[in-house]
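Asks: Chain by chain, the residues:
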Amino acid sequence: MDTNVISKKDLLELTGISYGQLYRWKRKNLIPEEWFIRRATFTGQETFFPREQILARIDKILNMKDDLSLDEMADMFSPSMSGTSLTADELLARNIVSTTSLEVFHVFLGSLRTFTFQQALYAYVLEKLLAAGDLSVDEGGGLLQVLVGHYPKFERKPCELIFMRKMGISTFVLVSGSTEMYFDSGVKVVTRLILANCIEELKVKFL
Amino acid sequence: MQNDNKNKLDLIFHGAVNASGGVYNKVDVQGYGKINGDVECESLHCAGHVSITGNLIGSSARVEGNASIKGKVKMDTMSVYGQLDVADDLNFTSLKVGGNVKVQGNMAGEDVKVHGSLKTAGDCEAEVFRANGAFSIGGLLNAGRIEVLLHGNCEAKEMGGEHIEVRRTGNSTLGKLLKHFLNNTLSVETIEGDEIYLENTKAKVVRGNKVEIGPDCEIDLVEYSTECKQDPNSQIKTMTQR
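Those protein sequences? They're chains A and B, same order as listed. Take the first sequence: its letter number 101 is residue 141 in our numbering, and every next letter is one higher. Take the second sequence: its letter number 39 is residue 120 in our numbering, and every next letter is one higher.
Bound-form chain B, shown alone (with noise of 0.2 angstroms):
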């Protein structure tokens, strides 16, 4: 591996700078590049711009400016704390979302942390989902556990798996007075797991075994096969055991 990676040539940009894709060692970015064709690097770190007008595929990636790529993505770590767009799908084993991440395709992986913003067109796939910011997804949210700290608006069209929690932040009161204002919410038609525990969300359907509805939350039908429970702060239209 060391000696295949001493044959492999480094990318570094300084300035302006029109590159070809290939297979590269390290591609870092400190000034604007566009890189024409499929990029294969083993490391990629832009702190500046970049624009790759292929796929990408690498082991690990960090963007810290701006990265837009025309085709799929496939990384194993990637931490993006600028913007990333991709036009097509994302695959990685774990993502870290600190700036704003827009997917035009699907998205699947291991593990995904969210502290910015995330976005995608289609579904998201992981193992483990955590949001402690704000995402909108256009198709299924589907993971084995899925945690989320409600800051700003949430946004899924369906949400599956065993573990599913919903929480809203800090009770501070600051938090209160804002209330008004900044309406932190997840909006979501279907929600279905094994165990569900919700707080400020929107839901049309809710289906699980063992189901809590927490305060604040707005839902028409839930469904629960051994136990549900209700805060009094919450409107369900109706409740079914099935």
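Here chain A stands alone, though its shape is the one from the complex (with noise of 0.2 angstroms):
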């Protein structure tokens, strides 16, 4: 059995909820549609679910469910940006970006005085990459270029960042949902962002 993914019963099983509770956030878009997926077993059709991604979010549901409603939290989990905007300082304040990271962003986009939540995002993900250590200060801008250029292309859809170097020299791609990709093998895939979840963190900082 794929262990990648989690049958309904034992989802309902580990984590205690209930059908109707299932159901409910499925209606809500608390969980996304593209997360059921339908397979043939031998007692007919069984729903299973990505293991990782459901235990996680049903986890955040549960833990959040106190504080925020129940709509509050389909626009938290949904990939579409919020209107709000914040400026440089309150980004700052709010541990989004670091000192260096801003001014990197400065260098290649230009001076900002207020950021959207998409320029915020932007911001974020270099933050991410450049504190992790994976990102040279010069690829900041290579990375900004893709991010600004085709990720509002994606609209709500899923979309994964992939940042890979092949000797030296660095690339980043933006792909659509759970694409499988291979590469030759001279190149070293440096780091994976679903920005799904990135979206999520700042929002979480956002409130």
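Treat the hints as calculated values from the structure; they're not laboratory data. Some clues are possibly wrong.
In silico DSSO-like cross-links for lysine-lysine, where the CA-CA straight-line distance does not exceed 27 angstroms [said to hold, decoys possible]:
| id | chain 1 | residue 1 | chain 2 | residue 2 |
| --- | --- | --- | --- | --- |
| 1 | A | LYS243 | A | LYS206 |
| 2 | A | LYS197 | B | LYS107 |
| 3 | B | LYS107 | A | LYS66 |
| 4 | B | LYS177 | A | LYS228 |
| 5 | B | LYS107 | B | LYS153 |
| 6 | B | LYS107 | B | LYS151 |
| 7 | A | LYS197 | B | LYS151 |
| 8 | B | LYS283 | A | LYS48 |
| 9 | B | LYS200 | A | LYS66 |
| 10 | A | LYS68 | B | LYS318 |
| 11 | A | LYS66 | B | LYS153 |
| 12 | B | LYS115 | A | LYS66 |
| 13 | B | LYS177 | A | LYS48 |
| 14 | B | LYS283 | A | LYS197 |
| 15 | B | LYS153 | A | LYS48 |
| 16 | A | LYS48 | B | LYS238 |
| 17 | A | LYS197 | B | LYS89 |
| 18 | A | LYS49 | B | LYS151 |
| 19 | B | LYS318 | A | LYS66 |
| 20 | B | LYS177 | A | LYS49 |
| 21 | B | LYS177 | A | LYS66 |
| 22 | A | LYS49 | B | LYS153 |
| 23 | B | LYS318 | A | LYS49 |
| 24 | B | LYS107 | A | LYS68 |
| 25 | A | LYS48 | B | LYS183 |
| 26 | A | LYS49 | B | LYS285 |
| 27 | A | LYS68 | B | LYS183 |
| 28 | B | LYS283 | A | LYS49 |
| 29 | A | LYS193 | B | LYS155 |
| 30 | B | LYS238 | A | LYS68 |
| 31 | B | LYS310 | A | LYS68 |
| 32 | A | LYS48 | B | LYS310 |
| 33 | A | LYS66 | B | LYS194 |
| 34 | B | LYS153 | A | LYS193 |
| 35 | B | LYS291 | A | LYS105 |
| 36 | A | LYS68 | B | LYS155 |
| 37 | B | LYS153 | A | LYS68 |
Listed next, the stretches of chain B that the computed footprint assigns to chain A, with coverage defined by at least 3 CB atoms under 8 angstroms from CB atoms of chain A [what the hints assert, rightly or not]:
| id | stretch |
| --- | --- |
| 38 | 240-250 |
| 39 | 268-274 |
| 40 | 284-295 |
Because the structure is a prediction, the values reported are computed rather than measured. The beta carbon of each residue, even a glycine, is placed where N, CA and C say it ideally should be.
Both chains are given apart, each in its own frame, so use the hints to dock them into the complex.
Replies: If you want it as structure tokens, here you go:
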């Protein structure tokens, strides 16, 4: 049996939630449609979920349930951008970016007084990669260019950022969903980021 | 809002008219109308025949004749006493089906009442789904509360929710005589919910916390966690507690 997925039955048993809750969360778009994977089994068709993602999501829903309404949570989990904007100082104060990455951001995209959610996301992704030591300051330009130039095209769809190097030359790719990708042996994949997760993290910091 | 409406025109059809889409206050079709493009309106009333080649957005719609929409439909309150065909998704707050509604895509809303017949190729999501007529749902019927009173054949691929209740209609003498001709059953592959009560249902799998299988059901597998009751007139192949 595939260990990356979990059956609906096992999921409910493991997390202690009821069918009703699961279906209500699906209705409220707290659990995305594409996570419901239907497969034929010997008892007919069964529904499976991507194990890591669904367990993390249910954990979050259960933890936030007391503080936020279902609609507020749905808004938070949705990969669409909320309309809020922040100033550069607020971004610093909320630990979304450090002064270093803010400077890098300004070098490549010009000085901004207020950041839209989308711009804050780009700055946050830059900060994440710089802080992890995966990215050099010079490579920041390439990253920002691919995000600014192509990320809006994904609209609400799930999207992954892949950062790879071959013989010291770095490349950034944005791919939709869970595409399988294979590279030649000289390529080192430095990091893969699911941008929906970054949006979620950022929304928590915005609250 | 009042001022807004004053600036918008009414679109009224008497006879056969071709019109272009746009933003209107009131759309009233008494004859035969064809609208090219998207339509946005406060209210739509159709007593004749209307076909719209684009999307339909608005706050209330009442279809007494025949309406066919090639795009998406988004309406707060809808009531259909004639026939409505939607080639894409249908979104609403409350939907009353007195006639016939066919949806090629998915439908989602708060409240659904079916007295006529409802057919959708995709999923149907609502907080409350009450059916007193016939329905056929190609995907998942997902609602907080599902109440079905069987008139005619009902079918869905999957049903899921908190409270699911399926009952046959009253035990009249005529009903008993016609029982063999009018085989009023619900056919579904999987039913999952917290509290389930079923009558006249054919299903492969029924899973729930509290499950009660009433008369005239044929079910391959019942899985329950707290409580299960079975009517002697029903066939259940396997029953397990988990």
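Asks: Determine for every hint whether it applies to the structure shown.
Replies: To see whether the hints hold, each was checked on the structure:
1. LYS243(A) to LYS206(A): At roughly 34 angstroms apart (the allowed maximum being 27 angstroms), LYS206(A) and LYS243(A) break the hint.
2. LYS197(A) to LYS107(B): violated (36 angstroms)
3. LYS107(B) to LYS66(A): Distance of about 35 angstroms is beyond 27 angstroms: violated.
4. LYS177(B) to LYS228(A): Answer violated: LYS177(B) to LYS228(A) is near 58 angstroms, above 27 angstroms.
5. LYS107(B) to LYS153(B): holds (19 angstroms)
6. LYS107(B) to LYS151(B): Holds, at about 20 angstroms.
7. LYS197(A) to LYS151(B): Given that 27 angstroms is the threshold and the Cα spacing comes to 25 angstroms, the pair holds.
8. LYS283(B) to LYS48(A): holds (22 angstroms)
9. LYS200(B) to LYS66(A): holds (22 angstroms)
10. LYS68(A) to LYS318(B): Cα-Cα ~35 angstroms, so violated.
11. LYS66(A) to LYS153(B): Roughly 21 angstroms separates the two Cα atoms, so the pair holds.
12. LYS115(B) to LYS66(A): violated (37 angstroms)
13. LYS177(B) to LYS48(A): violated (33 angstroms)
14. LYS283(B) to LYS197(A): violated (38 angstroms)
15. LYS153(B) to LYS48(A): Given that 27 angstroms is the threshold and the Cα spacing comes to 32 angstroms, the pair is violated.
16. LYS48(A) to LYS238(B): Cα-Cα ~17 angstroms, so holds.
17. LYS197(A) to LYS89(B): This hinted pair is violated, its Cα atoms lying about 36 angstroms apart.
18. LYS49(A) to LYS151(B): Cα-Cα ~39 angstroms, so violated.
19. LYS318(B) to LYS66(A): Not satisfied, since the Cα-Cα distance of roughly 30 angstroms exceeds 27 angstroms.
20. LYS177(B) to LYS49(A): Violated - the C-alpha atoms of LYS49(A) and LYS177(B) are around 34 angstroms apart, more than 27 angstroms.
21. LYS177(B) to LYS66(A): Holds. LYS177(B) to LYS66(A) sits at ~23 angstroms (cutoff 27 angstroms).
22. LYS49(A) to LYS153(B): violated (35 angstroms)
23. LYS318(B) to LYS49(A): holds (20 angstroms)
24. LYS107(B) to LYS68(A): Violated, because 32 angstroms separates the two Cα atoms, which is more than 27 angstroms.
25. LYS48(A) to LYS183(B): Violated: LYS48(A) and LYS183(B) sit about 31 angstroms apart, past 27 angstroms.
26. LYS49(A) to LYS285(B): Given that 27 angstroms is the threshold and the Cα spacing comes to 16 angstroms, the pair holds.
27. LYS68(A) to LYS183(B): holds (24 angstroms)
28. LYS283(B) to LYS49(A): Distance ~21 angstroms between LYS283(B) and LYS49(A) Cα, so the pair holds.
29. LYS193(A) to LYS155(B): holds (25 angstroms)
30. LYS238(B) to LYS68(A): Since the Cα atoms of LYS238(B) and LYS68(A) sit roughly 21 angstroms apart, the hinted pair holds (cutoff 27 angstroms).
31. LYS310(B) to LYS68(A): violated (32 angstroms)
32. LYS48(A) to LYS310(B): holds (24 angstroms)
33. LYS66(A) to LYS194(B): holds (21 angstroms)
34. LYS153(B) to LYS193(A): holds (22 angstroms)
35. LYS291(B) to LYS105(A): holds (25 angstroms)
36. LYS68(A) to LYS155(B): holds (17 angstroms)
37. LYS153(B) to LYS68(A): holds (20 angstroms)
38. 240-250: Coverage by chain A holds for the stretch 240-250 of chain B (4 residues, Cβ < 8 angstroms).
39. 268-274: The restraint on the stretch 268-274 of chain B holds, since 4 of its residues have a Cβ under 8 angstroms from chain A and three suffice.
40. 284-295: holds (count 5)
Taken one by one, the earlier hints fail for this structure at numbers 1, 2, 3, 4, 10, 12, 13, 14, 15, 17, 18, 19, 20, 22, 24, 25 and 31, listed in ascending order.
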